[in-house]
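Colleague: Sequence order for the protein chains is A and B. What the first sequence shows, in the numbering used here, is residues 1 to 184, in sequence order. What the second sequence shows, in the numbering used here, is residues 1001 to 1236, in sequence order.
No lab work stands behind these hints: they were computed from the structure. Backbone N, C-alpha and C fix where the C-beta goes; we use that ideal spot for every residue, glycine too. A hint or two may mislead.
As the list claims (entries may be wrong) - Only some residues are given here: those of chain B computed to face chain A with a beta carbon under 10 Å:
#1 GLU1021
#2 SER1028
#3 ALA1046
#4 GLN1047
#5 ARG1050
#6 ASP1051
#7 THR1220
Claimed, not checked - Derived pair list, reagent style DMTMM-like, types lysine to aspartate or glutamate, alpha-carbon separation capped at 25 Å:
#8 A/LYS179 - B/ASP1042
#9 A/LYS179 - A/ASP133
#10 A/LYS179 - B/GLU1012
#11 A/LYS34 - A/GLU55
#12 A/LYS34 - A/ASP3
#13 A/LYS179 - B/GLU1013
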Amino acid sequence: MNDARRVALEEMIARVALGDRSAFDALYDATSAKLHAICISLLRDRPEAEETLQEVYINIWRSAGRYSANGLSPMTWLITIARNRAIDRLRAREARPGFAPAEAAAVVPSPDPGPELSTIRSQQQSLLAACLDELGEAQAGAVRAVYLEGLTYAELAAREGVPVNTLRSWLRRGLLRLKDCVSR
Amino acid sequence: MSDELPPPLTPEEEDEVLAAEMALGLVSDEDAQRGVARLAEDPAFAQRVRDWQERLAGLADELTPVMPPARARQRIREDLGHVHAPLSEVIDSRIGWWQRPWALFSGVAAVLALALVLLMPVLNGRDLPGYRAELVSADATMRVDARVEGREVEVMLMDGTVPEGRDWQVWFLMPDGSAPISLGLVAREGPMRTTLPSGTDMVEGVRIALSDEPAGGSPTGRATGPVFAIAPLTPA
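Chain A extracted, bound-state conformation (with noise of 0.2 Å):
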């Protein structure tokens, strides 16, 4: 994402904050057809995706105002809304207990909003997709299956056919080499 997309995207939320409808459909027009996509991808499901982002735009609309606060570049804020709302439908379609919701994790103030964030970003992404080829296909395809497609870690484990426990302990040392990557 180029800089002029991030600060147009910035000054949308700004101005939906403020009850601005036409920024608003601004912003709807700029980025719903990733948040579809987003919500078809990890609900496999078209009108159930077709009804979280209604769910999600409607949140977006409410939360505006506190986007400033909380440090993440608009993209990845937006993406954050309407990942964790499609999550918290899938896990709860699968009723399944044991897994707390997403949204817990979803807006978190910062009290250092990072004007550079956008560059780092854009600089973060081919390094992401780097660090995913250096991780190897199984890891990398298992990031990839829950973030994209919201497998938890018991699936991952049927998947794979092994132990939740050891499938744990290799995704997360995955985890944890990604990060060094990156962090490199």
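Since the structure of chain A is provided, determine the placement of chain B on it from the hints.
Modeller: Below, chain B alone, put in the same frame as chain A:
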């Protein structure tokens, strides 16, 4: 993947992994309580979670965007109460307020007409060249006069008080519907003087608007608060 148990993670590694799992939505119940508490109490940990959110969001770029059906937007508008009576729906909501000021205008116009009649003797006596606009709020408690001579602009608060902690921003609206251009803030006392910014011209159909903004003016360069007065600049 091996079935042997690897050496346990260090506390530092445990934190990092928990942050990643929070961002991924992979946290089990027992860890979730710990994690949520940490988010509130430990800014460094909260930052780790945000870093993971930022890091992982790049994965969403691998997805091909899918346009949602039009009814999705319609339902969002209905849920938020943004849907108006069918007649007003004709107005495209993507058109900026400066391009469809008729609703605001009709309220202001009546007050303006009355004000003009009352002020006519005064205006005639002052013999000012250039263009003028009188900006009067719908309830007629606030009035701001604007005058343009050549490229010189003078804006003066005539009635009412700018609230503490707020500012009234003056906008120059070209007749071509382009985005409003800020001329500055209304002074609390005395005139505010400025010159027309480059790219603007005093042509027929130019209007002036006032919006209510946070102290110091709009943080975004566009009107963010309610526009409470709008008026054409007419030859004085």
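Colleague: Determine for every hint whether it applies to the structure shown.
Modeller: Hints versus structure:
1. Because the closest C-beta pair between B/GLU1021 and chain A is about 8 Å apart, less than 10 Å, the hint holds.
2. Taken as an interface hint, B/SER1028 checks out: its beta carbon lies about 6 Å from the nearest beta carbon of chain A, inside 10 Å.
3. Residue-level restraint check for B/ALA1046 holds (minimum Cβ-Cβ distance to chain A is 4 Å; threshold 10 Å).
4. Taken as an interface hint, B/GLN1047 checks out: its beta carbon lies about 7 Å from the nearest beta carbon of chain A, inside 10 Å.
5. Interface restraint check for B/ARG1050: the shortest CB-CB distance to chain A comes to about 6 Å, inside 10 Å, so the restraint holds.
6. Hint status for B/ASP1051 relative to chain A: holds, with the closest Cβ pair at about 9 Å, below 10 Å.
7. Hint status for B/THR1220: holds, given a least beta-carbon distance of 5 Å to chain A, under 10 Å.
8. Between the alpha carbons of A/LYS179 and B/ASP1042 the distance comes to roughly 20 Å, so the proposed pair stays at or under 25 Å and holds.
9. At most 25 Å may separate the alpha-carbon atoms for a hinted pair to count; A/LYS179 and A/ASP133 meet this at roughly 13 Å.
10. Proximity of A/LYS179 to B/GLU1012 is assessed by CA-CA distance (about 12 Å); at most 25 Å being required, the pair is judged to hold.
11. Straight-line distance between C-alpha atoms of A/LYS34 and A/GLU55 comes to about 15 Å, which keeps the hinted pair within the 25 Å bound.
12. A threshold of 25 Å between alpha carbons decides the hint, and for A/LYS34 with A/ASP3 the separation of about 18 Å falls inside it, so the pair holds.
13. The suggested pairing of A/LYS179 with B/GLU1013 holds, with an alpha-carbon distance near 10 Å, which does not exceed 25 Å.
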